[in-house]
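Trainee: What follows is each chain in one-letter form.
2 protein chains.
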Amino acid sequence: MDRYNMDFTNIAIIGVGLMGSSFALALRKNGYKGKITGIGRREKNLIKAKDLGIIDDYSTVHAEGVKNADLILLASSVGQFEQIAKNIRNNIKNGAIVTDVGSVKAGIIRKLEPLMHEGVSFVGCHPIAGKECSGMDAATADLFNNAKCIITPTSNTNKEALDRVIDIWGRIGSKIILMSPEEHDLVFAAVSHLPHVVAYALVNSILNVDKDILHYGGRGLKDMTRIALSPTELWRDICTNNRNDILKTLKRFSSSISKMIKLFENSDWTGLEKEFLRAKEARKLIESD
Amino acid sequence: MDRYNMDFTNIAIIGVGLMGSSFALALRKNGYKGKITGIGRREKNLIKAKDLGIIDDYSTVHAEGVKNADLILLASSVGQFEQIAKNIRNNIKNGAIVTDVGSVKAGIIRKLEPLMHEGVSFVGCHPIAGKECSGMDAATADLFNNAKCIITPTSNTNKEALDRVIDIWGRIGSKIILMSPEEHDLVFAAVSHLPHVVAYALVNSILNVDKDILHYGGRGLKDMTRIALSPTELWRDICTNNRNDILKTLKRFSSSISKMIKLFENSDWTGLEKEFLRAKEARKLIESD
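Sequence order for the protein chains is A and B. Residues 0 to 288 (numbering that gives the first Met the number 0) make up the first sequence, in order. Residues 0 to 288 (numbering that gives the first Met the number 0) make up the second sequence, in order.
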């Protein structure tokens, strides 16, 4: 139990953007007294974070910044995780835990677990608390409060490390859900990755009709396409890392659209309303979530 | 000019739901001093509207309610417009104007114009101010304020009637846009009808993966599928009445999805990010609309 006492004294956050900064602010708000080191490539951003009191110290060198950390949070774009892990692995101290906030899990974890030295544990996490905006300025201490946080242990996950990671997310108000990385990726391909790809495709298909008509859209169109404002690099990386599951859900969605087309072609308005009603009833159930 | 003085003294609203009630509330708020008669089939609803001061009087018989009206607003579901017009046509007084708030125009106008007797004018309108909720309880005096209102004259439209309809929507704060009924239907097939069908299809395709996983969705999914809460009967009628244009936009959208699938299949992540970026840049332009 010594090696894994429940309190961290030195937390390193790699990637001081929306998620990383919100994590730091949430820790402070909920009584964390230890040190928080921000790590990133843009010094100007890190200085700003320090000036704002989000972090205590910073480093632009990954391997330097993590040296004393007992918890390391990967909060940059998932596409960078593997390289970052390679950069820091020899400098992570014995007994430390590495965790992340990536929106994809299985492929990432398969790459990261083998990179961890004996005595260092990796625990995958995905807090469901994104925004279409990004960066430190959008960060809030309450971003994770009352939000779901999916934690995805594998057969290799150290049990005590898992408990400590569950504990820290719980302390900042997250509702913990355990899932295998594979189940996570399938579920989030459907409820998050697919909707993003659909939002981008919807905007583009309207542009293909006439590039000026988007302005005629009402609140419905704006709400529906808001996630198309998300950082494109982040979403490219998510797609890259969950290709097969997203492809499966995209094909399934394409079939749903084909079904709609068929109903229109057949002027089957009763059948169409049935489809609408099925969706409406299901959507109602999550309104109060 | 006598027959078309700019002020109405007797306005009949057929369908005292979200749109009809909001129109009545907006008229009052903006100084309308004449009489407002609510017309509908459910007396309980009409009594409530009268008790709430939304309307001055009511009738459950369409042909009775419109007798003295100099402006008649069709604010029920578009699927009912033709039958209503047949019911009331012989009771509309000379010089009166019939207008509507329907989300589809060309087909409706083709049916309604020939039903108007000599001396009665029809002017088609579509205020862009829906909500996913419906009914009188959701109505507000500001629903149309600062919202676009598309007015769709045809070669048959009486010029003075058009001016008076433009005037009254302007008085309640709407931003008037003139368009042909055909152009309207093509534009709104793309920016409104398509997104609704897509929202319903998206929910259903997620249900097809697993009916319980919708709950894992974050704010993005909720925003994106909010319009799937819209009244299904209303949307069935809109689809029925704009079949060909929606079918065209649905097929175009289906091609956009096929393009995304192809990019995933080819692991063409640069190409995928380009698609994302194109959508993001276009979506940004309407953020401040």
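Mixed in with the good hints, there may be bad ones.
Copies of the same chain are indistinguishable here, so a pair counts whether it falls within one copy or spans any two.
[Said to hold, decoys possible] No more than 35 angstroms apart at the CA atoms, straight line, and that leaves these computed lysine-lysine pairs for DSBU-like:
no., residue 1, residue 2
1, K174, K47
2, K210, K47
3, K147, K210
4, K174, K147
Simulated from the structure, these hints should not be mistaken for lab results. All values derive from a computational prediction rather than experimental measurement.
Trainee: How would you label the pair K210, K47 (within, between, both, or neither) given a Cα cut-off of 35 angstroms?
Mentor: For K210 and K47, the Cα distance exceeds 35 angstroms both inside one copy (39 angstroms) and across copies (45 angstroms).
Trainee: Are the CA atoms of K174 and K47 at most 35 angstroms apart within a copy, between copies, both, or neither?
Mentor: within (30 angstroms within a copy, 43 angstroms between copies)
Trainee: At 35 angstroms max between alpha carbons, let me know whether K174 reaches K147 within a copy, between copies, both or neither.
Mentor: within (5 angstroms within a copy, 42 angstroms between copies)
Trainee: When no copy is specified for K147 and K210, does a C-alpha distance of 35 angstroms or less occur within a copy, between copies, both, or neither?
Mentor: Result: close only across copies, 19 angstroms inter versus 38 angstroms intra.
Hint 2 alone, counting from the list given before, is not met by this structure.
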